[in-house]
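The hints should help you fit chains A and V onto chain D, whose structure is shown.
Residue strings, one per chain:
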Amino acid sequence: MKWFWCLFFAFWPILAIAVCLVAPAYGWWFPGPAASPLGQRIDDLFYMILIITTLTFIGTQIGLAYVLFTGARRTDPDVQQKAWFSHGSHELEVIWSVAPAFILLFIALYQLDVWADYRVKDMFPHEEMEGLLAEGLHQKRDEHDNMHLAEVTARQFEWRIRYPGFDEDGNLLPLEREPQPTDLYDVNDLHLPASAPVMIMLKSQDVQHSFFLPELRVKQDAVPGLVIPIWFEATKKGEYALTCAELCGWGHYKMKARFVAESDEEFLEYLRELHRKQFFDGVVEAESEEEEDE
Amino acid sequence: MKPWSFLIFCSLALLHLTGCNSSPPQFSNRAEFDDLEPYAQEYVSEVLDSYFGTPTESVAWERLPVEYHFTETTVSSSPSPRKVTLDVAAGGHGSIGPGTEIHFASTNESNWITEWDAATGLATLERKPTQAIAEGEAVIVGPGAILKNGRHLYAQHCQHCHGVSGDGNGPTARYLNPLPRDYRNGRFKFTTTSYDFSPSRDDLGRVIREGIPGTYMPSFKLLKQEEMQAIVEYVRWLSMRGEIEKQLIETALADYTHEAVKLRVDGGASREEIEAEFYKRLADGEIQESLEVVVDLMVERWKGSDLAENMVQVATKRPPATPESIAHGRQLYLDVNNKCASCHGDAGFGDGPQNYAYTPGKPGPGLYDDWDNPIKPRNLHTGIYRGGRRPYDLFCRIRASVKGTPMPKFDTMKEEDVWDLVNYVYSIPYEEEVAGSGRLEEMVDSAESEIESAAESESNEVASR
Amino acid sequence: MSSATTTAPESGHGHHHHNPEDRLALLKQIWMFSTDHKVIGIQFLVTTLLMLMVGGALALGVRWQLAFPWENMPFFGLLFGSEGGQISPEAYTMLFTMHATVMIFLVIIPVLAGAFGNFLIPLMIGADDMAFPILNALSYWFMWPAIFCFGASFFFGGGPGNGWTSYPVLSAVPEAAPGSGTAQFFWLMGVTLVGVSSMMGSVNYMTTIINMRAPGMTLFRMPLTIWGMFITAILQAFALPVLTAAGFMLVSDRMLGTCFFIPSGLVINNGDPTVGGGQPLLWQHLFWFYSHPAVYIMLLPAMGMVSDMLACCCRKPIFGYKPMVYSMAAIAGLGFIVWGHHMFTSGMNPALGMTFMISTVMIALPSAVKVFNWIGTIWGGRPEFNTVFLNCVAFVSMFIVGGLSGIFMAAVPVDIYIHDTYFIVAHFHYVLFGATLFGVFGAVHFWFPKMFGRRMDETLGKWHFFLTFIGFNGTFFPMHLLGVAGMPRRYADPYLHPYLENLLPMNQFMTICACIMGFAQFILLFNFAYSLFKGQKAGMNPWLANGLEWVAPSPPGHGNFAAVPTVYRGPYEYSAPERDDDHWLQTEPPKSSPVPEPQKTEPTPDSAPVGEDTGSSS
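Chains as they are written, first to last, in the working numbering: chain D, 108 to 401; chain A, 901 to 1365; chain V, 2 to 619.
Just chain D, with the same shape it has in the complex:
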């Protein structure tokens, strides 16, 4: 029986690794490759840690299996060896304290860059955002606090989105912190340009939510009472899932929305369409039909 248990403990790590190896083929892995530059760096870090931990996992489990097999051997009737009377080894202790310490410290320090780029305000890609505003959207905004293209307000259980509107000449206005009569509103449908980093303001109207773009590897809690700037950049145009990742009540799972990354022109066109819809006054029958059918 003891050999069975030795094999049992040796077998399960093999199974675990096998499951991990086949998982991507069945779609039990990342929802697609990271769709943002930052996400790619996060994935790289993930894989780096995965390699380190997998090696450690294999090493320790082999060690465990080895000591189990040799230990079991000692109790065989033909061997009947007494246990090794040892209180430990100073050298080994030092080795297996110092080596992991270096590895762990390396892991920690290696991460700092990405974290800083993602969260530290001074390191936000202001210049690229400014460029997008100037060239793509024909706006001049140079204050760092004024780069937002949308305000996302989480509420139970949906994402309410506010975009800047247009002035009388059809130029896009900057997004003010306070709502303006010209502002455009939408729900559960966040459209932003894909060409450059974009920044949004994240708010919560009631309880804590979390803004989660799985494909872009972006997550930020929407904390009631705070206005949190987040930036992200979609590498490809397309539709991405937007969900809530922080328990916000019974309808937590219902906060299903999408983030649509599109070209600058499409974004502007989308806002214009939103403008047309939002200021629809019921007069033009043809337009009304189209609107109702949408």
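Since the hints were made in silico from the structure, they are not lab data. Each residue gets a CB set at the ideal place from its N, CA and C atoms; glycine is no exception. One should not assume that every hint holds.
Claimed, not checked - Subject to a maximum C-alpha distance of 20 Å in a straight line, what follows is the list of computed EDC-like cross-link-like pairs (lysine to aspartate or glutamate): (1) A:1121 / D:296; (2) D:189 / V:574; (3) D:189 / V:385; (4) D:310 / V:273; (5) D:109 / V:385; (6) A:1124 / V:494; (7) A:1217 / D:275; (8) D:189 / V:273; (9) D:189 / V:583; (10) A:1121 / D:380; (11) A:1276 / V:176; (12) V:323 / D:198; (13) D:189 / V:582; (14) A:1121 / D:369; (15) A:1124 / D:296; (16) A:1124 / D:346; (17) A:1309 / D:388; (18) D:109 / V:459; (19) A:1276 / V:273; (20) A:1217 / D:380.
Said to hold, decoys possible - Here are the in silico distance ranges between beta carbons for each label pair: (21) D:336 / V:219: 52 to 60 Å; (22) A:954 / D:228: 58 to 66 Å; (23) A:1162 / V:505: 54 to 62 Å; (24) D:384 / A:1272: 33 to 41 Å; (25) D:196 / V:356: 31 to 39 Å; (26) A:1257 / D:384: 34 to 42 Å; (27) A:1217 / D:284: 30 to 38 Å; (28) V:242 / A:1250: 41 to 49 Å; (29) A:1263 / V:157: 20 to 28 Å; (30) A:1162 / V:257: 23 to 31 Å; (31) V:503 / D:379: 36 to 44 Å; (32) V:242 / D:380: 54 to 62 Å; (33) A:1272 / V:273: 22 to 30 Å.
To be verified - Here are a few chain D residues that sit away from chain A, every Cβ distance over 10 Å (derived from the structure): (34) 122; (35) 181; (36) 205; (37) 229.
Below, chains A and V without anything else, positioned relative to chain D:
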């Protein structure tokens, strides 16, 4: 032996609890149902059962203006015995695909599609039909499928608030403010149809798509078009079912409530007589007749709700929100004859005197909606527009009211006036000076100067020491 | 085992509450307000094992919903609001909230500190009872009001549905969620009462361990179990007041209209906008300041017990005793400065995030040292593959996974993605179930003979272990993959989201595994009950272990030891080359040692704790 028998008892009880509670969902009856005499109750249940069935075994009653099937069409050609081309422009309903049922009217037999080409309408059938299919033969694609899909989607997304029977009383409902809509009297608050009509399909679709801001009705924007349609049809169906139940109880069977019967018994009739009379009227078709009237009216109304002529009509474009327009709007708002301020308050905070007034027949002070729930007039400062923030939406709210609430309809008001009111309502959240207080700026000014003079005199005092 | 027969010695205290032959004596007092630490320990043990079943049932409810969303849920569908055969989403939030609550506050913390801490501390350090016996009894009886509060919270307004972390504003405003009503109040009261219970325990443990050790029991001769308990008690004593204070702040936010956690201007459930200037993140800081150390409260005693059991099962001294002690202390110390890693995505100052990342990553170091030392302990031993040993090896093996997966979430950028996904769920189940509970299962089998004088059935024990292990890994290992696939926690219906649709079959597989695991726990309960009456009789020292508890009779009488034992060595001197016996009791005087008065330490001749097994052949 004892512990073992106890153990067996416990495990049996556990099995019972875990395994045997899978009864299919049932529609519940409205509260008034309990007021009916048993034989009348039986009749109501019979009618509802035969025309609507149960949630899982639903009946597609063709008289109702509900789209039950993916499509009803004809066969345009049959290239081979197991292939038919259907006459569907642009592919027909989006949900048709492998597995969809197809029903041939002439032979009254069902078949299933195994391959579907949406572009040409070419369907490969699972088995060979018993008779060759003629051109022009009528078929129903996906009989009852929309209703079935609707129920599944409804159960997944809506049921825990709106309830199995659409009574707005699912388990989650009791925690919500405002309460979820009770569909069963055919009233829906936010519509673009005129006052007497039900919501159009587009109205229901818009509410599902955009949600109702300020309430727990979330936006289900990412549902597919077909899914949205299925839910809309199912909600309409539930609403009609509820209406028929309501009308049956309130009109057709009004003579057979406990109360009515008791009155007649007090007047000298015996219970047996009344029951016998009921059965006689039933046999004569009298009750059926009044049911028919109810159904006809209802069907007409729902059909009419989707017609363009029954939408709230706007002839002139919304004028720009000039200060004059807004001022005029405010004037209208404060006008005693329009009574806006009596509910929404002078300043639009939703705090008008009607909030504290008693209405006869209501359980307490304040305003109540048709569902007898207390209701508060909208605070117009929040910038939240439940029925939508388009000018047209606000126009409809004023023209056709918020249905089922004390908000009146202003269907005789001049259109320019309505627009001015709309412009004023839009301006309220951005007001610097709160309407109604009038003296606010003065007060602020005088307070500031007082503070200044007080500070001055203080510093003078300090200096003089 | 030797066949030497010795009757259990009389208790040293003269007044006997029971017949010494009565091996269920301790159990019979379970209904009483006993101040005997052993009775209290058993009271805790029985209570927590029952609560384990409750928590497990709740977990199965969660699993059911994830595998068969909106299908008729057995049992809970009947108990709690369901409509048309579906549970409501708030019932689902209640299920996972209460699962966590029951498992953490009513199972893991009390089974470690309450059950084994109580039973073992005086026995292992050679004391006759705890320092404050009445306080000790109170600490148990305060569990019951807590259980009552938690139980009551199920039935008020849909049950607490804010997760066990109870983040405000959701939990601070009664209207915010169905379960935020009265239920949340009862829940908070429950947590407070559990806290009172734990606090009484930890004060007692610290005092007892510092003051009541037997002669010769120096700090570094203490078994690692005692070290684990000691460090846990310290952790508990320093961290718990913060949670209690936070809990009261939350209660006062809810009931007295204060605004510690509620910022102004929120519109919740169509209510009037909130006023105040509170900060929801404050709760998270306070809560995690307790709850992160609480993770170690839920782990360190198990680490200690596993060390003891491994040494005994392998007949070998602990590999690196002092590093083990230091690493436990290091875990505890670092445990106080890592709480922020629960808040990486909450909007903390990013610089703080970096600091917390470094401290969090470093806490993996002592954990790693411990793992290496456990493997080192088995290395060169001669293990008997009994249920105890199997559970301990499972502990080590599972803890490796739990520890390694922790590194992912310690790294902030990676945590951005996996935070609040099933990866986290997988991680803490590997630590709290995979490690702690396997340790507890081992400990139950190991010390059961000391509690009741009988051994638990080996065959049943192995079956329980086998099924639990398979079920556990089948349930929780795939959760890592779910997490990587981005499946958020606490979703009643993840499959609404297209990118999660393909995870349904995997979730169904996990649910089947969870059912196997749930079934296996009935084997444990049966084995427990069966062995109480029919188990093979055990003598004083059925495992031929070295600790002081094994020189007391099984079960120990009131006062534990016939005479105050004297300790001559550490507890891990197994297989000393100069001896024939492979164990060497802590109380056995060295042959050549200059013992001043051996008589004093030598108990009465017939109860002499000599090395042999004091058998079971009667």
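Status of each hint after checking the structure:
Only pairs whose Cα atoms come within 20 Å are accepted, and residue 1121 of chain A paired with residue 296 of chain D is accepted, the gap being roughly 8 Å. Note on residue 189 of chain D and residue 574 of chain V: the hinted pairing holds, with a Cα-Cα distance of about 13 Å set against a maximum of 20 Å. Distance restraint check for residue 189 of chain D and residue 385 of chain V: the Cα-Cα separation of roughly 13 Å lies within the 20 Å cut-off, and the hinted pair is therefore satisfied. With a C-alpha separation of about 18 Å, the suggested pair residue 310 of chain D and residue 273 of chain V falls inside the 20 Å cut-off, and the hint holds.
Between residue 109 of chain D and residue 385 of chain V the CA atoms are separated by roughly 8 Å; this keeps the pair inside 20 Å, and the hint holds. With a C-alpha separation of about 18 Å, the suggested pair residue 1124 of chain A and residue 494 of chain V falls inside the 20 Å cut-off, and the hint holds. The hinted pair formed by residue 1217 of chain A and residue 275 of chain D meets the criterion: a straight-line CA distance of about 17 Å does not exceed 20 Å. Distance check on the hinted pair: residue 189 of chain D and residue 273 of chain V sit about 76 Å apart at the alpha-carbon level, beyond 20 Å; violated.
Simply put, residue 189 of chain D and residue 583 of chain V have alpha-carbon atoms about 8 Å apart, close enough for the 20 Å limit, and the pair holds. Between the alpha carbons of residue 1121 of chain A and residue 380 of chain D the distance comes to roughly 17 Å, so the proposed pair stays at or under 20 Å and holds. Between residue 1276 of chain A and residue 176 of chain V the CA atoms are separated by roughly 17 Å; this keeps the pair inside 20 Å, and the hint holds. Restraint check for residue 323 of chain V and residue 198 of chain D: satisfied, since their Cα atoms lie roughly 14 Å apart, inside the 20 Å limit.
As the CA atoms of residue 189 of chain D and residue 582 of chain V are separated by approximately 10 Å, the hinted pair is consistent with the 20 Å bound. Taken as a hint, the residue 1121 of chain A and residue 369 of chain D pair is honoured in the structure, with Cα atoms around 19 Å apart against an allowance of 20 Å. Taking the CA atoms of residue 1124 of chain A and residue 296 of chain D, the gap is about 14 Å. The hint holds against a cut of 20 Å. Only pairs whose Cα atoms come within 20 Å are accepted, and residue 1124 of chain A paired with residue 346 of chain D is accepted, the gap being roughly 15 Å.
For the proposed pair residue 1309 of chain A and residue 388 of chain D, the alpha carbon gap of about 18 Å is at most 20 Å, so the pair holds. The suggested pairing of residue 109 of chain D with residue 459 of chain V holds, with an alpha-carbon distance near 14 Å, which does not exceed 20 Å. With a C-alpha separation of about 12 Å, the suggested pair residue 1276 of chain A and residue 273 of chain V falls inside the 20 Å cut-off, and the hint holds. Simply put, residue 1217 of chain A and residue 380 of chain D have alpha-carbon atoms about 18 Å apart, close enough for the 20 Å limit, and the pair holds.
Here the CB-CB span from residue 336 of chain D to residue 219 of chain V is close to 58 Å, well matched to the stated 52 to 60 Å. Range check, residue 954 of chain A to residue 228 of chain D: Cβ separation about 59 Å, and the 58 to 66 Å hint holds. Our hint of 54 to 62 Å for residue 1162 of chain A and residue 505 of chain V holds, since their Cβ atoms are close to 56 Å apart. Take residue 384 of chain D and residue 1272 of chain A: their Cβ atoms lie about 36 Å apart, and the range 33 to 41 Å holds.
In this structure, residue 196 of chain D and residue 356 of chain V meet the distance hint of 31 to 39 Å, their C-beta atoms being roughly 34 Å apart. Between residue 1257 of chain A and residue 384 of chain D the beta carbons are some 39 Å apart, a value that agrees with the proposed interval 34 to 42 Å. Between residue 1217 of chain A and residue 284 of chain D the beta carbons are some 32 Å apart, a value that agrees with the proposed interval 30 to 38 Å. With their beta carbons about 45 Å apart, residue 242 of chain V and residue 1250 of chain A fall inside the hinted range of 41 to 49 Å.
A hinted range of 20 to 28 Å holds for the C-beta pair residue 1263 of chain A and residue 157 of chain V, which are about 25 Å apart. Evaluation of the 23 to 31 Å hint for residue 1162 of chain A and residue 257 of chain V yields a failure: the beta carbon distance comes to about 51 Å. Restraint check, residue 503 of chain V to residue 379 of chain D: a C-beta distance of roughly 37 Å satisfies the suggested window 36 to 44 Å. Roughly 57 Å separates the CB atoms of residue 242 of chain V and residue 380 of chain D, a value that falls within the hinted 54 to 62 Å.
The hinted range of 22 to 30 Å is satisfied by residue 1272 of chain A and residue 273 of chain V, whose Cβ atoms lie roughly 23 Å apart. No Cβ of chain A comes within 10 Å of the Cβ of residue 122 of chain D; the nearest lies about 31 Å off, and the non-interface call holds. Taking the minimum C-beta to C-beta distance to chain A, about 43 Å, the non-interface status of residue 181 of chain D holds against the 10 Å cut. A cut-off of 10 Å between C-beta atoms confirms that residue 205 of chain D is not in contact with chain A; the least separation is 53 Å.
The claim that residue 229 of chain D lies off the interface holds: its Cβ sits roughly 34 Å from the closest Cβ of chain A, which is beyond the 10 Å cut-off.
Comparing the model with each earlier hint shows violations of hints 8 and 30; every other hint is respected.
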